[in-house]
Amino acid sequence: MTSEPAIHAPQKREYAGTDTTRRPWWRRALRWETGLVVVLIATVIFGSAQSSDFLNSTTGFYIGLNMGEIAIMALPLTLIVITGEIDLSVASMLGLSGAVMGQLYSEGWPIALAMVAALVVGALGGALNGVLVARLGLPSIAVTIGTLTLFRGLAEIILGARTITGFPTSLTDIGVVPVPGTQLSYSTVIFIVLAIIFGVVLHATGAGRAIVATGLAPEAAQFAGIRVKRIKFTLFVLSGVMCALAGILFTLKNASVSYDAGTGLELNVVAIVLFGGVSIFGGRGTIIGVVLSVIIFGTLLQVLTQMQVQPEVQNIIIGGLLLVSVILPNGAEAVRRLRARLRTGPHLAWGSRSQRPVSSSDSSLKTTEEKR
Amino acid sequence: MTTATSALGTRFARGGALLRAREVGIGVVLLLVFGVTTLHNHNFATASSVQQLLSGAALIAMLGVGETLVIVTRNVDLSVGSIVGLSAYIVGDLFKDHPGAPVILGFVVGIAVGAVIGAVNGFVTAALRVPSLVVTLAMLYIIRGLDGLIVNGVIITASNVPNAFIAIGFRTIAGIPWLAIIAFAVVVIVGYAMRSFRSGRDLYAIGSNPEAAALAGVPVGRRVFTAFVISGSLAGLAGALFLALHAEVDVTAGTGYELLVVAAVVVGGVAIFGGSGTVVGAALGALLLNTINQALVASRVSAFWNEAIAGALLLLAIAFDRWLSLRVVRGLRSAEGAHRDL
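Chain order of the listed sequences is W and Z. Here the working numbering is used: position 286 in the first sequence is 286, and no number is missing along the way. Basically the working numbering = 1-based index in the second sequence + 1000.
Derived from the structure by calculation, the hints contain no laboratory data. Misleading hints may appear alongside valid ones.
Claimed, not checked - DEER-style ranges, computed between Cβ atoms:
1) W:V200 with Z:R1195: 51 to 57 Å
2) Z:G1221 with W:L328: 15 to 21 Å
3) Z:V1024 with W:V200: 46 to 52 Å
4) W:A161 with Z:T1255: 19 to 25 Å
5) Z:Y1192 with W:E107: 54 to 60 Å
6) W:V200 with Z:V1188: 52 to 58 Å
7) W:A224 with Z:G1221: 48 to 54 Å
8) W:L328 with Z:F1273: 23 to 29 Å
Unchecked claim - Partial list, derived from the structure: chain W residues whose beta carbon lies under 8 Å from chain Z:
9) Q50
10) A142
11) V143
12) I145
13) L150
14) I318
15) L323
Positions of the beta carbon are idealized from the N, C-alpha and C atoms, including for glycine.
Modelling step: build the complete structure from the supplied sequences, incorporating the hints.
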């Protein structure tokens, strides 16, 4: 009688575990994304309570204008983080591609060709990351810290202390006017289109499943016939191209470019991806979550700026939000664990010694299964 | 398995040989960079130049030691740069408000600031089981924000700091800078603890396999917590030394150090996914990165080229280290025979 709950408790949890893994992705994801939606609604309510001008179509335009490039870079990073890797060179690639475009344009290249060149540079830079991580098997966090420095350095070599301006006004207008017929900035529209494509690829195609499988268990994925290395390589190239696109938009939006464009944005992009519920250990994450995360960050920063809150406080709020967002789900788990331990604790203490290793090895099996 | 081969095998198989080989690799690259630069510019090998090298590397080396403790347990601490900035400013502020405060108090306060933040990092990571990369990234923002609020545009300058404190930043003993001696002491103490103390070995066990370590009776949570507290404390100490070295602190102090430290640690052969690596390697990695930076300056390379070359060399160092460790593994395999391969 006394030992019964002790034996049953872990079993119950085991069923709960299998249940979670068998639910369709959207239901499992729903819980996190529901939380994000609640936070978003709260932010919007808070914002409109602060200022009557907040619920205004221009607010949406400015949020999109401020967040567009970061949001575009967050999409490929989401996929990379899901495969269990990371790309910290994104902001440096934004700077490098902008520098390439600016330099070529100032040398008399047609702007369209300069943009293509910037995208090619993005692909090459991404390929360098991809070769080092996927082919040579070097840790991506170290490699991309290296290319973060390298790309920024190349931008510095290209532009030196110069700032390139004088881009065609028909293009730099994207920094001031919305897409005709809407109230959205050009970068927002591009982001929306890309987000839909990324979402479909990740959640509804074999390639997307392969990406998730790669992150969950690289070796098992390899044995299942998934080309893990090729997937990782492709994603890094994709990331490079997307960051180059962000670099082009960033340059046109500001109508100028210098070598230090976008310095330090990598941490913002990483923060947004993680806040969107993408697991840093790989294998878990949704595009919807990241899109919500982008909107929340953008809205919050807009509210704080309108309230004329100091940038330092904005930093504290961003950090606090990120911290709370990871503590909440894990904290609930920790409380559950603690309660379970309190419940089973006395039984374990009374039970015979031989029971203890059995129950603990059971729980270890469970955790490895859950991980997979 | 004959006795001869198995004896050879076990001798080599004890991670120590492999790790030592990695540190030898960094040492070789270090000497190479140093030698080539000296050929270009003979002043690079002078005492004052070497002193500069050591002082500059000391801060990153100290942060690298703390970071190693954390990374070995399969975690990461990205908040060290922000801790350096906050600690440096708080210590500076202390001396500004209390000009007569003893020098030692500066260090105590700096370490305390770091220890408190490290404890927060450690508690959230270990007790709430939140991925440390996210926790410390969030703390990076939070501390930087707090720092900005405290600084509020007021910069600490050399006139605010007692001379005895600044002296630590440039004084030498027998030609060796104080900073380097302090960093060396930290490396020796922590290195010894990591190698010989049970708690130190526990860190490696946790990093190799957290579940197995827990089952083997290692107090995983407590050890990870301690690793973060030590990392934070060392970052706090580095903050106080930052003040001594630069004698000037504004809101940007320590910005970007986190990536520099992780780079140094990884170059130093510490596995980013935990379980292996030594603080000696991390310190050598910091010294190598700083030597590369100084070498570029000494070679009169245009300042615009510095960052790109530093980045390329960092990638080369990572690749070289990988190549070296693969070679060591291959050597072990041929020494042990194919049957022990799996």
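Hints, one by one, checked against the model:
At roughly 52 Å, the beta-carbon separation of W:V200 and Z:R1195 lies within the given 51 to 57 Å, and the hint holds. Here the CB-CB span from Z:G1221 to W:L328 is close to 20 Å, well matched to the stated 15 to 21 Å. One distance hint, 46 to 52 Å for the beta-carbon pair Z:V1024 and W:V200, holds here, with the actual separation near 51 Å. One distance hint, 19 to 25 Å for the beta-carbon pair W:A161 and Z:T1255, holds here, with the actual separation near 21 Å.
For Z:Y1192 and W:E107, the Cβ-Cβ distance of about 59 Å falls inside the hinted range of 54 to 60 Å, so the restraint holds. Against the hinted window of 52 to 58 Å, the Cβ-Cβ separation of W:V200 and Z:V1188 comes to about 57 Å, which satisfies the hint. Restraint check, W:A224 to Z:G1221: a C-beta distance of roughly 35 Å breaks the suggested window 48 to 54 Å. In this structure the supplied range 23 to 29 Å holds for W:L328 paired with Z:F1273, their Cβ-Cβ distance being about 26 Å.
Checking W:Q50 against chain Z by beta carbon gives a least distance of about 20 Å; that is not within 8 Å, so the hint is violated. Satisfaction of the interface hint for W:A142 is found here, the shortest Cβ-Cβ separation to chain Z being roughly 4 Å, below the 8 Å cut-off. Contact between W:V143 and chain Z, as hinted, is supported at the beta carbon level, the nearest pair being about 7 Å apart and thus within 8 Å. Interface restraint check: W:I145 against chain Z, minimum CB-CB distance 5 Å, threshold 8 Å, status holds.
Restraint check, W:L150 versus chain Z: the minimum CB separation of about 3 Å is within 8 Å; hint holds. Nearest Cβ of chain Z to the Cβ of W:I318: about 5 Å, under the 8 Å cut. The hint holds. Of the supplied interface hints, the one on W:L323 holds, with its beta-carbon coming within about 4 Å of a beta-carbon of chain Z, less than 8 Å.
In the structure shown, a violation is registered for the earlier hints numbered 7, 9, in ascending order.
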